[in-house]
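> Single-letter residue listing:
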Amino acid sequence: MTPGPDDDDTDSPAVDRDDHAADESDGAVAANRPAASDPPAFRAVRDHVREEIVRFARALRREGVGVPANASTTAARAIVVVGFDDEATVRAALRACLVTDAESIPTFDRLFPEFWRRLTAGLDTDGPAPRGDDGPEGALAPLGDAGAGEAGAGAEPESDAGQPGDGDDGDDPDPTSVAKASLGSVIADSGVDVDTERVEGGWYSPTGSPTRMDAIAGVADGGPSIAAAFDDLTDGLATVRGRRWRPGDERADVRRSLRASVATGGTVVSLPRREREPSDVRAVWLVDVSRSVLDTVDRAFLLATLRRARATWRDCRVVFFDETAREVSDAFDEPSAAAAVDALARAETAWGGGTRIGASLSTFLAASPAAFDRRTVAFVVSDGLDRGDVADLERTMARLSRRTAGIVWLNPLASVPGYEPTARGMERALPFVTGLFAFGGPADLAEVGRQIRRHGLGGRIGYEYDPRRGVTDTRSESA
Amino acid sequence: MTERRPTAFADVTDERLRGLFDDQSYVAEDELVTTVLLALRLGKPLLVEGEPGAGKTELAKVLAAGFDTDLVRLQCYEGLTAESALYEWNYTRQLLAVQSGDDDASVFTEEYLLDRPLLRALRHDGDTPPVLLIDEVDRADEEFEALLLEVLSDFQVSVPELGTVRAETPPVVIVTSNRTRALSDALKRRCLYLHVEPPSFEKERSILARKVPELDAAVATELCAMTDRLREEPLRNPPGAAETIDWARAVATLRDDDAGSLSLAEIRETLGCLLKEVEDIERVDESLLEALAEAAAEARAEAAR
Numbered sequence: 001m002t003p004g005p006d007d008d009d010t011d012s013p014a015v016d017r018d019d020h021a022a023d024e025s026d027g028a029v030a031a032n033r034p035a036a037s038d039p040p041a042f043r044a045v046r047d048h049v050r051e052e053i054v055r056f057a058r059a060l061r062r063e064g065v066g067v068p069a070n071a072s073t074t075a076a077r078a079i080v081v082v083g084f085d086d087e088a089t090v091r092a093a094l095r096a097c098l099v100t101d102a103e104s105i106p107t108f109d110r111l112f113p114e115f116w117r118r119l120t121a122g123l124d125t126d127g128p129a130p131r132g133d134d135g136p137e138g139a140l141a142p143l144g145d146a147g148a149g150e151a152g153a154g155a156e157p158e159s160d161a162g163q164p165g166d167g168d169d170g171d172d173p174d175p176t177s178v179a180k181a182s183l184g185s186v187i188a189d190s191g192v193d194v195d196t197e198r199v200e201g202g203w204y205s206p207t208g209s210p211t212r213m214d215a216i217a218g219v220a221d222g223g224p225s226i227a228a229a230f231d232d233l234t235d236g237l238a239t240v241r242g243r244r245w246r247p248g249d250e251r252a253d254v255r256r257s258l259r260a261s262v263a264t265g266g267t268v269v270s271l272p273r274r275e276r277e278p279s280d281v282r283a284v285w286l287v288d289v290s291r292s293v294l295d296t297v298d299r300a301f302l303l304a305t306l307r308r309a310r311a312t313w314r315d316c317r318v319v320f321f322d323e324t325a326r327e328v329s330d331a332f333d334e335p336s337a338a339a340a341v342d343a344l345a346r347a348e349t350a351w352g353g354g355t356r357i358g359a360s361l362s363t364f365l366a367a368s369p370a371a372f373d374r375r376t377v378a379f380v381v382s383d384g385l386d387r388g389d390v391a392d393l394e395r396t397m398a399r400l401s402r403r404t405a406g407i408v409w410l411n412p413l414a415s416v417p418g419y420e421p422t423a424r425g426m427e428r429a430l431p432f433v434t435g436l437f438a439f440g441g442p443a444d445l446a447e448v449g450r451q452i453r454r455h456g457l458g459g460r461i462g463y464e465y466d467p468r469r470g471v472t473d474t475r476s477e478s479a
Numbered sequence: 001m002t003e004r005r006p007t008a009f010a011d012v013t014d015e016r017l018r019g020l021f022d023d024q025s026y027v028a029e030d031e032l033v034t035t036v037l038l039a040l041r042l043g044k045p046l047l048v049e050g051e052p053g054a055g056k057t058e059l060a061k062v063l064a065a066g067f068d069t070d071l072v073r074l075q076c077y078e079g080l081t082a083e084s085a086l087y088e089w090n091y092t093r094q095l096l097a098v099q100s101g102d103d104d105a106s107v108f109t110e111e112y113l114l115d116r117p118l119l120r121a122l123r124h125d126g127d128t129p130p131v132l133l134i135d136e137v138d139r140a141d142e143e144f145e146a147l148l149l150e151v152l153s154d155f156q157v158s159v160p161e162l163g164t165v166r167a168e169t170p171p172v173v174i175v176t177s178n179r180t181r182a183l184s185d186a187l188k189r190r191c192l193y194l195h196v197e198p199p200s201f202e203k204e205r206s207i208l209a210r211k212v213p214e215l216d217a218a219v220a221t222e223l224c225a226m227t228d229r230l231r232e233e234p235l236r237n238p239p240g241a242a243e244t245i246d247w248a249r250a251v252a253t254l255r256d257d258d259a260g261s262l263s264l265a266e267i268r269e270t271l272g273c274l275l276k277e278v279e280d281i282e283r284v285d286e287s288l289l290e291a292l293a294e295a296a297a298e299a300r301a302e303a304a305r
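Residue numbers (the numbering used here), protein chains in the order written: chain A, 1 to 479; chain B, 1 to 305.
No lab work stands behind these hints, which were simulated from the structure alone. Positions of the beta carbon are idealized from the N, C-alpha and C atoms, including for glycine. It is possible that part of the hints are untrue.
Negatives, chain B to chain A, calculated, CB over 10 Å [to be verified]: (1) Ser25; (2) Tyr26; (3) Ala182.
Listed next, with one range per pair, are the computed distances between beta-carbon atoms [stated by the list, open to error]: (4) B/Arg179 x A/Pro335: 24 to 34 Å; (5) A/Ala69 x B/Arg16: 27 to 37 Å; (6) B/Ala242 x A/Arg43: 47 to 57 Å.
Please build the complete structure, drawing on both the sequences and the hints.
Structural data, given as structure tokens:
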């Protein structure tokens, strides 16, 4: 890194530092000319730098980066301090000011080259860069032809009809890449080949023939019971208050206060508090009953799981969805599994068909807003093979994740050892999912329970931590 | 917008900061140097996020040692209260003073005030302001985060009975977080942000060369390659640089100048320095051990070339 131009002007007072640095950078990039003799050009450069910073911050916000309100000011100051001789230095400085979480760093890195090009182009003797018709609200429009490739915007000629609300046409990035970028780096990979995605995305075809796949060894034989798995789950997920007390915030603990006051001569100086210990679970099971799921999942196991959930937890609702969603909680109160199936038949619940996860769940969310609150855990049983609009799915999952304590996704396909969530719907839903697990039999449920009890909903949980999956061979593949 | 106060570090230069990191054997990348320089010169707190063991806490220690000033450390934990972070009244003395009833003087004066880390950092008297390390702020409750806001933006604390305590020159503030929960926007807005990645293979090698000089360079290369390979596994606790240093020290102690390759048995026996979770250790089976040894051999051949 080369030292910034500020290194020899450290004594300049704070008031005119802005001007000073802008002048120097002007000198650094264009011809060396004193500010006083040429005020209009100097002002133009200063205004240009300011405007580009504001534009950059807005472009980041449009891509879903949480840029703080005062960040542009900080960024401007930072540029004054480091100067702009060196791209890497400016990149580091602006990243420190504009980005507030690690997920946003890839988006920042993607947009920065465009900002840098605009910035340096505008510092040229010709004054600010030509700006076309994008106002300050616009995205970072590429400068001429040179920008088109690197910016990743407008590179794909695909038109996006049916994408309402896009203010200015032409210079908007492809909506898919926007959505991906705003999802952060969890799974989004801008380099995904379109063809690969289509193949991996796997539209389920009703006419296709089912293929048997080997599940992880040890699932079928013996294994733990569903009851034990549910005990673990209840411990890990408990959000609803029980009867026992523990130290906390809810109300003053008179007994402990009095006991503590003995040490201070009978004067109560500290007031310990206590709260009810959460011991029960509030959950909603959202079960995909499309044909693709029913072909892969063990139906008896699924029904047993749902009946157990309904019986064990204090507040548990069961919703079936394929192209629409309907609540079937009552059917699982029947005394036996056969009776439950009869009840489902009486309720005219259709089994099999296509899936529109996003649309059907958003209908349910709209119809029963009270089903979810911050203490509810949402379980989704689905293979993530979605025939509907994935943007819809993404919106619904985002809403669901905001309104619940967490989303646990149980995927029957994930029982296969080499499983990766590449299906289109699954990939889009993944950032909002607290944990993605296999759902092939009681052992899988026991694994969910074990991980959640040990690490909680906030911890690192998911199929990838399943000890039964074995060593990943990323290195050996590449070697 | 609050007024900007002069910081004691307005004249710190890039070279000086690099020299300081060098002296303290802290391997710093360009991005880190630039961001720390900005934090010092703008007088803004620096929020450092990253995996455990990436050198977040070390950064504050190195700065304190490098500027030859005090390190005031506040370790956050769930249930951390204002009393243990800011200040507390010495109740026992106050009670005694009231009960003795000698005079009617107030018991809410400096005399009865107990400084806690935040207040201590603000009231520090010395030429160079201290380095205030607020460690693992994500462990503390959200209420505590709100309490930090006044300290971080204005470098002052309001004590109702006394008035406002304000720092003459703001301390250097390093806030670290392990990202176990999202921090509030208000807190982030007041800080510069730095995300430290787990060290790369080359960086880790130069860290070992400085921190564990007694270890043979070829062996150190092997260790770094194996740690690097291990991080590709989905581990609960991926090893950080601190664990690699521990491991290197352990290996250096056990081997006494032996520059030969590590055997599988040696790797397995010392792996406890690197992995701190029983599930992670169970994950290391024969095939993974072989993969590790292979990575080590590759790196050694690469380095010898």
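> Does the structure break any of the earlier hints, and which numbers would those be?
3 and 4
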